[in-house]
Amino acid sequence: MTREITLSKAVNEAIAEEMRRDPTIFLLGEDVAEAGTPFKVLSGLVEEFGTERIIDTPISEPGFMGMAVGAAMTGSRPIVDLMFGDFLYLVMDQLCNQAAKTHYMSGGKLKVPLVLRTNMGATRRSAAQHSQSLQAIVAHIPGLKVAMPSSAYEAKGLLKTAIRDDNPVVIFEDKLMYQDKAPVPEEEYLIPFGQANIKREGRDVTLVATSSMVQVAEEAAETLAREGISAEVIDPRTIVPLDEQTIIDSVRKTSRAIVIDEGHQSYGVTAEIAARISEKAFYHLDAPVIRMGAMDVPVPFSPALEDLTVPTSEGVAENARRICRGELVHAA
Amino acid sequence: MTREITLSKAVNEAIAEEMRRDPTIFLLGEDVAEAGTPFKVLSGLVEEFGTERIIDTPISEPGFMGMAVGAAMTGSRPIVDLMFGDFLYLVMDQLCNQAAKTHYMSGGKLKVPLVLRTNMGATRRSAAQHSQSLQAIVAHIPGLKVAMPSSAYEAKGLLKTAIRDDNPVVIFEDKLMYQDKAPVPEEEYLIPFGQANIKREGRDVTLVATSSMVQVAEEAAETLAREGISAEVIDPRTIVPLDEQTIIDSVRKTSRAIVIDEGHQSYGVTAEIAARISEKAFYHLDAPVIRMGAMDVPVPFSPALEDLTVPTSEGVAENARRICRGELVHAA
Amino acid sequence: MSAARKKHNTEDYLRMYKQMVRIRAFEDKANQLYLSAKMPGLTHMYSGQEAVAVGICEALTDEDRITSTHRGHGHCVAKGANFREMFCELLGKEEGYCRGKGGSMHIADQANGNLGANAIVGGSMGIATGAALSAKRLGKDFVTVCFFGDGATAQGLWYEVMNMAALWKLPVIYACENNGYSEYTKTDEIAAGSLVKRAEAFGIEAFQVDGQDVLAVNELTSRLAGRCRKGEGPFFIELDTYRYHGHHVGDINRDYYRTKEEEAEWKDIRDPITNFGKSLIDQKMFTAEELVAIDNDIAADAEAAVDYALKAPYPDGSEVDMHVFAGVDHALDYLRGAR
Amino acid sequence: MSAARKKHNTEDYLRMYKQMVRIRAFEDKANQLYLSAKMPGLTHMYSGQEAVAVGICEALTDEDRITSTHRGHGHCVAKGANFREMFCELLGKEEGYCRGKGGSMHIADQANGNLGANAIVGGSMGIATGAALSAKRLGKDFVTVCFFGDGATAQGLWYEVMNMAALWKLPVIYACENNGYSEYTKTDEIAAGSLVKRAEAFGIEAFQVDGQDVLAVNELTSRLAGRCRKGEGPFFIELDTYRYHGHHVGDINRDYYRTKEEEAEWKDIRDPITNFGKSLIDQKMFTAEELVAIDNDIAADAEAAVDYALKAPYPDGSEVDMHVFAGVDHALDYLRGAR
Ligand SMILES: Cc1ncc(C[n+]2csc(CCOP(=O)(O)OP(=O)(O)O)c2C)c(N)n1
Ligand SMILES: Cc1ncc(C[n+]2csc(CCOP(=O)(O)OP(=O)(O)O)c2C)c(N)n1
Ligand SMILES: [Mg+2]
Ligand SMILES: [Mg+2]
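Protein chains in written order, with the working numbering: chain A, 4 to 335; chain B, 4 to 335; chain C, 3 to 341; chain D, 3 to 341.
For reference, chain A alone in the conformation it holds in the complex (with noise of 0.2 Å):
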């Protein structure tokens, strides 16, 4: 059975599932008891597990995070919420010099299986402290897998299976999303890491995006298929693995690529699947793999000026078209 439910409820049904069958799982962060976080994401759970598994927290980004490193080691799975992707900063040295290091350093007796859900996403004018999607930064870091779901379906699917794995985990869900529906099944199930979706066959170009740049690619597609060019979208899911052959394989096919993410393009998400793209289906591409990430400039406030720094469908429409037809397109 399937149901369309919001991004925020299939959330809150991943982590309720995951908290009933395992004992050792409990989530921290602000807020996120009574008031079940600022998005309401998590209403209802402290209800049915209580203060003792829900935590309110001081707001001690730092602090809470080594804690849950802390626990994961000593036989508890937290999780981590993190009201804004922009406090990662915050957490850094506990995620990426702690967490992330911890099993390679102790040569494999040290387990840290935490999650750390957190937000990205900009356009809801909350200015340059409160926009950012950091999962490039993020993804640099070895030890940490990078999961970036881009619907209900992928949310509930990924943190599943992100509360299963051994490792921390970083999942970003779009804040633009979490009233987005999908359908979701009643019965339980998992997305495995490193699987990425074909979300629409194609054979004219291929348009890799991640989280909510989904949205935008397929709605690019269709304008496109309008027109009679065919795109395929592919969504990595994971960014950390990467299904890079499902990626590859279809680029074969179509011998052009777009990639599409919302962070910062410069040294963002774009460049590595850009640069994979471009080395290993090499003498497949009919023209340069065309980088769209959001434009390397800190989020403004002002509506006027934030639409400009994302990508939108209309612009992945047109580097597609222009693509198609053989012109060269330099990133901006």
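Incorrect hints may have been included.
Here chain D is said to cover these stretches of chain A; the calculated rule only asks that three of the stretch's residues, wherever they fall, bring their Cβ under 8 Å from a Cβ of chain D [as the list claims (entries may be wrong)]:
1. 56-62
2. 67-78
3. 93-100
4. 135-149
5. 238-248
Hints are computed from structural coordinates only; laboratory data are not their basis.
The beta carbon of each residue, even a glycine, is placed where N, CA and C say it ideally should be.
Since chain A is already given, all that's left is putting chains B, C and D with the ligands on it; use the hints.
Leaving out everything else, chains B, C and D with the ligands in the frame of chain A:
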């Protein structure tokens, strides 16, 4: 007049010269005064400038980084000494949420002229938390400039430019090069940002290398020359801004490129540079761009393992041979 | 009213009264803008805490610096900002203090020593302390006040910078606006021990004051700012206060974390503006009518500024990559290597 | 010697003595390995601080956890580690506790509850507090001791986790080894106010104890560990101690930051091993000869372990990408998308 001095001495001279010139400059960090840092890079400065300008701090990286931001906003030009690049994770919020964004968020009203000097580089047998090369994560954040000196000459010229810049600049010194000597003019000079240096001209393959990897590339080029392969070695010197043109022009000439950087390979500096080359020299490339970053593992302590994780001149030479022979080489 | 208080002259009192009313008027308009969907994003109202910002800022010179918070409109007004540029900023217009790039959470009248509101809780504690270090190093006379909430005391950064401020005797005043809540959580649930003792443990002189009493706040701050200038800083002040609205404008149903009675009590009995107004009338400095006239003038000013801001133009799209770097016109050209 | 102390039986005393001697012997060998260029990298010697690690760890069970520091060999030995695996780790050999991947700064006998040495000063404060939260949540009986130096008290993280530990009454003991220096800087120059008061400000009971007196340390820790198990934690202990060597093995010329006289005084008058040995002899529990025999046995053990480790093999190159992820054999295959 040019003499040979160590990179350490070059840094020391740059700071001393600038501090003499501009009384608003001060330096702060751990054990920077009497001890002159564990690497002794700053020896003698406190004797000349006193503890009012060479300031020993407690072990409070977020704290003194934040203070540097505030000082920079109010007429001072602080230089922050971050003892190990691995501690960047601790200062990310102050660096990336505050320093990097203040000028933009204030609509250009507030300036943050500060320099964050730190280091990078493995193979010192210092294990996973004292060996990282984290330039990629800083380069991803709009509002920061990032310099990577490859010798004493660059270290001095780039640092002086950084100190005079009105923006936050992060400069990565390779800690293994502190005792390496290079010719440095007695006369004052500055090296502008965004101007790559063609260290060696060549026809067959372009080696783009950062920091100590420039030496690695030059060694490889030397070996290759003996075998009749002519390698061009390019040192971008700053990765933000990146002198794309010099790199692209070179690759258009040689048709082949290898990018070498000591940061982790995935989602790292090599991805950005390779992606830009693949895009903008697309029609000139005879083979995929080869990326050589540090292995995607935390840096292991054991010498038997650590040496396997970083690019070597033999590795570069071998890749160059294969690419020049027309073999397709996939990144490791 | 104590003898010390009497030393204040009528002009000072009037300015304090006006500034508090201006903050309240600003917030009322901002709230309306939100409710009528004319304001982009969210915002955090300062109403109820006016005596803190005004009491403190009226003890400072234009050269003195402050750092502000996500709840920053009050500090901005109190440090001397104009309504027009503020409303323009709130609406993302070109004439805003930050050319529309900052919005509510980064609003600041930089020219008057406001080093910025900050959307990272506690994020400005380093900045404020660094400004104080700068003053000391450059031989400047200015004092810096670091505003933050009770919730922000959970950030480790505070302890790091208090330690350095104490070691180096920096001219900084840490002003904790304890409004009893951080978001939807009571302070008691997230703060162990005593805030005042936390500062004292670093050898910092610490004070508690009624944050609804503008004169008490002002006197204490004047004294401490003076001592800072003599090298006797740093100081800590905990100010008991209350926010009338929700955590942000969208936080309407608050029953699950605080009672209507509690809200009513603060508003009815402890309102800083009403009480100060009453005392001015009691002392026969002003008549009730005079104060009403003042209130009305200010309301009209606010109204006019809103109208102006609503009509003001947005920044041109070309501004999007301006101001990324000082000295660089357009960042995108620069980042591509254009020299 | 107090009545309470007499309750300890000879066996306990002997084990404490031995463990202190084992630490000293380990460090002497490690230092020699460095001086003879047989050890990769640098290391931080624990010599002089033995009574802290041993006094504390002897009050703990194998199930109890500790977190350690860059100066972690002493904690590792005291929590029950073997010389062989430790020297193998120090030399980057496959048989090391961390298969050579950690080295001196990450050495830990994980099976005995050591959650790792840490090269980030203060970096383990969150981990220790989280382990205590885990114990409480899972209904386990274990206590966690967080070792750190005086310098580490400047890290904001400590205040964040103390706050949570106090709010939630977690079974954690913060043990600050105050050896008077962080690197080349005196504690007075980097710590304002009082460390004990800093903990007390969070409502945490705090103690100061002579870190050179193994019995005093042991008794206090036993008592506090017991109280932690009853839900009366957290606690803070400041232990006054001294490191005999430089900050690390390469820090030979120390005159510019501390005097030879100061070093001599601690070594001659306050050495934890000498003094404890003397008291054992005074109490006629052991003869001087017996203790010398013990010392010699331990020295021989250390020597043998070093010989073993020097000959032991390095990990195979194929291990380089193992242990990046639990459940993944080789990370590089995995990262390329192999399933
Ligand atoms: C580092 C960080 N963590 C969390 C938040 C989300 N947040 C915004 S305001 C707030 C509560 C702040 O409480 P307090 O400091 O008491 O200020 P108040 O809102 O009461 O004025 C929180 C948790 C944030 N902006 N920054
Ligand atoms: C976050 C961080 N900052 C700085 C350092 C460099 N460092 C290593 S040990 C040390 C001094 C630590 O002093 P203390 O905590 O007193 O421990 P001790 O060395 O005296 O045992 C410093 C600054 C580090 N390893 N980590
Ligand atoms: Mg509050
Ligand atoms: Mg110490």
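Now for the hints, and whether the structure bears them out:
no. : hint    : verdict
1   : 56-62   : holds (count 3)
2   : 67-78   : holds (count 12)
3   : 93-100  : holds (count 3)
4   : 135-149 : holds (count 3)
5   : 238-248 : holds (count 6)
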